[in-house]
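Novice: If you're matching them up, the sequences are chains H and R in order.
Basically our numbering = 1-based index in the first sequence + 444.
Basically our numbering = 1-based index in the second sequence + 444.
Keep in mind the hints are simulated off the structure, nothing from the lab.
These figures come from a predicted structure and were not determined experimentally.
Check the hints yourself; a few may be wrong.
Copies of the same chain look alike in the list, so a pair counts if it fits in one copy or across any two.
Only pairs whose alpha carbons sit at most 20 Å apart, straight line, appear in this in silico DMTMM-like list of lysine to aspartate or glutamate [what the hints assert, rightly or not]:
id	residue 1	residue 2
1	Lys-829	Glu-697
2	Lys-483	Glu-473
3	Lys-534	Asp-701
4	Lys-496	Glu-471
5	Lys-799	Asp-701
6	Lys-684	Asp-499
7	Lys-799	Glu-744
8	Lys-795	Glu-774
9	Lys-799	Asp-499
10	Lys-496	Glu-473
11	Lys-691	Asp-583
12	Lys-795	Glu-697
13	Lys-829	Glu-722
14	Lys-829	Asp-487
15	Lys-829	Asp-499
16	Lys-795	Asp-701
17	Lys-496	Asp-484
Number of protein chains: 2
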Amino acid sequence: MDKIEQNFLHALQTVLGQPNPFVPLHEPEFMGNEWERVKDCLDSTFVSSIGKYVDHFEVMLAEYTGAKYAVALVNGTAALHIALLLAGVKPGDEVLIPALSFVATANAVSHCGAIPHFIDSEFETLGIDPFALNDYLNDFSLSSSEGLTNRFTGRRIAAVVPMHTYGHPVDMTSLLDVANRYHLPVVEDAAESLGSRYQGQHTGTFGRLGTLSFNGNKVITTGGGGAILTNDAELAQQAKHLTTTAKHPHRWEFFHDAVAWNYRLPNLNAALGCAQLEQLPDFLHRKRLLAQQYQEIYREMEGIDFVVEPANSQSNYWLNTLELRQPSFEMRDRLLTAANDAGYQCRPTWKLLHKLPMYADCPHAPLPVAEQLEASLINVPSSAKLAGAGI
Amino acid sequence: MDKIEQNFLHALQTVLGQPNPFVPLHEPEFMGNEWERVKDCLDSTFVSSIGKYVDHFEVMLAEYTGAKYAVALVNGTAALHIALLLAGVKPGDEVLIPALSFVATANAVSHCGAIPHFIDSEFETLGIDPFALNDYLNDFSLSSSEGLTNRFTGRRIAAVVPMHTYGHPVDMTSLLDVANRYHLPVVEDAAESLGSRYQGQHTGTFGRLGTLSFNGNKVITTGGGGAILTNDAELAQQAKHLTTTAKHPHRWEFFHDAVAWNYRLPNLNAALGCAQLEQLPDFLHRKRLLAQQYQEIYREMEGIDFVVEPANSQSNYWLNTLELRQPSFEMRDRLLTAANDAGYQCRPTWKLLHKLPMYADCPHAPLPVAEQLEASLINVPSSAKLAGAGI
Ligand SMILES: Cc1ncc(COP(=O)(O)O)c(C=O)c1O
Ligand SMILES: Cc1ncc(COP(=O)(O)O)c(C=O)c1O
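So that you can see chain H by itself, here it is in the shape it has in the complex (with noise of 0.2 Å):
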């Protein structure tokens, strides 16, 4: 083992103490009411498409974000297609969204009958670079009376999707600008940054609509769970609408208007998500507490900085990530092999998402940020818990 793993595998156990076996990378909690309300919602049997607990948890969602609606979804993929058919997405439109995300973000894309459009990212916050976006806007991109189109494509540009990468915000200012310049409509991935602020304003409420994912890796969970969040009444009661069957309320007559989905979040999940909304600003605490133990013993390591969140912005610190200052597929995997090893789990970034088989002929931007941190960032384990565990 050279210095540096060394270095990386010393610097790890010092904040996590031993692995006892393992330390996966993200696990959830649950310390709070999770039981009661489970319990509650079984006793009441209503534990299916219609309860409390559903209503209750749109309410908490919307009041914690501040966004005006919240509609509970299956998961965040499922909010995210919902979202982007809500944005105006069409079939054979393409759909801005970084190279670097979440395979998730691309599939919702197609589930769209949609092409995703790969976008670069910032060394900053890991996402959407406004600049670069602009200026490849400037390049490829034909303003007509019908819209943004793709000089090259013919297809029309149908929206952007900024996600913020392991609850770091993107730049939302200088986002907002171009899309506003270019008149995309903006739909945020927010299914990592639930907690996570850009100048005081939760991730998520700053696009016409933004997703959220309760996945059982996520800060909080659900089991499996989503959200849409809107300020937009119309679109909120539409996304409601679309995503349980597009049926109108009747005592007993079947009457659908639309093609439709049954993504609704069942009421036994939403229980588990009150309880679990009611403990996130403490997760969120010990989440900082953790990330601050490892911003200061990477501080002094050479070879290898831990990213910290952007300017402006609060971050939830969802998965700690470090970055090696030398880009390097093989120093990345020699560490991960180290770390994993001994029991640490830990990940490097997603495959770029123009990389993958299905979405290899899609069209991308030039990507010499993204490139550089898919061989540099490398995720470490980051639950609430994890908080002072080496001491």
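Given the coordinates of chain H, assemble chain R with the ligands onto it according to the supplied hints.
Specialist: Only chain R with the ligands this time, still in chain H's reference frame:
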């Protein structure tokens, strides 16, 4: 109130007792190990995409139904969507489905980018009439080297979807005959028929793939849930792969090889499902008793028949169903009003799918039987716990 309304109400009262204040159409029942299993799942912290309950539930489903493989999914709509994809349904294809079904059957076809083509039902099973289908195919289809096409629209006919209405099995021998004659893959929508058998074999296991639903109103519930059944190892593996983001297993790498979905059933919901499935034989036993009570009381009644399980079949009697001897929307709605006003939740059957605005332009066969059934079917309260309630 007329004599028929009075008799109808009186019979409900005799079977169900007084509504105190309300008898729902179908309620779940959690009197077994539900809390134990769900609590164990919470305590394990594995509530989401991994965990023993999903595996366990799949094994239990396969054992119970006799299918070689079961893949647990987020709901019945998602299950049918993926089953149709795996049966080879492509955008622009037509898929034969009954006009008399819940809207989800048609929506799942739409989610493949395909077009539902509506087929008539028969009185005995309430499901697709194989003989009418055969004659209709003879008239409107063309067989060529590219497969079966609709001679009027020119579109490929990709599959046929028998749906086992309210738990009553379709005449599968005849249906399979027709499907084989025309080389049409069969995908069974068995959302309503867990526990129903045709000639001793479980519904959902006759076609290339079959699908179940565990929505809150079904025989057993997981909050929300569904499954794909198949005897084909390759299709089962594909179903799992496509519903779990098509990720290749690797210690840390994110490699996904197809546009895919997040349609997995959370472990939390699977835990509930395991406890529910343990009780299915008891639920079925009591549901059958309740059906016998309905059958007896309506045997004597003028103008109204009770729908009994078809020959050679064992129905789960998911929803008990009455049938007006003289189809009449007016009479149907008078009975529905009387029952619902009295606190007995009753429902008509679904509005025929070709009458819904989004499916109004889809092709359909002549639908004389479905049209009559639409004006004559009434579902009455059917929860297992209602057996003996009126005594
Ligand atoms: C960036 C991003 N988008 C979308 C999703 C999809 O959320 P879900 O897993 O709840 O479908 C996730 C999380 O898995 C994600 O990290
Ligand atoms: C005939 C039929 N098909 C499909 C479904 C869809 O199942 P789910 O509600 O679980 O999506 C249902 C039940 O709602 C159904 O009754």
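Novice: Now tell me if each hint is right for this structure.
Specialist: Here is what the structure says about each hint:
no., hint, verdict
1, Lys-829 x Glu-697, "neither (50 Å within a copy, 25 Å between copies)"
2, Lys-483 x Glu-473, "both (17 Å within a copy, 14 Å between copies)"
3, Lys-534 x Asp-701, "within (19 Å within a copy, 24 Å between copies)"
4, Lys-496 x Glu-471, "between (27 Å within a copy, 16 Å between copies)"
5, Lys-799 x Asp-701, "between (40 Å within a copy, 10 Å between copies)"
6, Lys-684 x Asp-499, "within (12 Å within a copy, 31 Å between copies)"
7, Lys-799 x Glu-744, "neither (34 Å within a copy, 70 Å between copies)"
8, Lys-795 x Glu-774, "within (15 Å within a copy, 61 Å between copies)"
9, Lys-799 x Asp-499, "neither (41 Å within a copy, 32 Å between copies)"
10, Lys-496 x Glu-473, "between (23 Å within a copy, 18 Å between copies)"
11, Lys-691 x Asp-583, "neither (45 Å within a copy, 35 Å between copies)"
12, Lys-795 x Glu-697, "between (49 Å within a copy, 7 Å between copies)"
13, Lys-829 x Glu-722, "within (16 Å within a copy, 36 Å between copies)"
14, Lys-829 x Asp-487, "between (30 Å within a copy, 15 Å between copies)"
15, Lys-829 x Asp-499, "neither (29 Å within a copy, 28 Å between copies)"
16, Lys-795 x Asp-701, "between (40 Å within a copy, 12 Å between copies)"
17, Lys-496 x Asp-484, "within (11 Å within a copy, 24 Å between copies)"
Going down the numbered hints, you'll see the structure goes against 1, 7, 9, 11 and 15, while the others check out.
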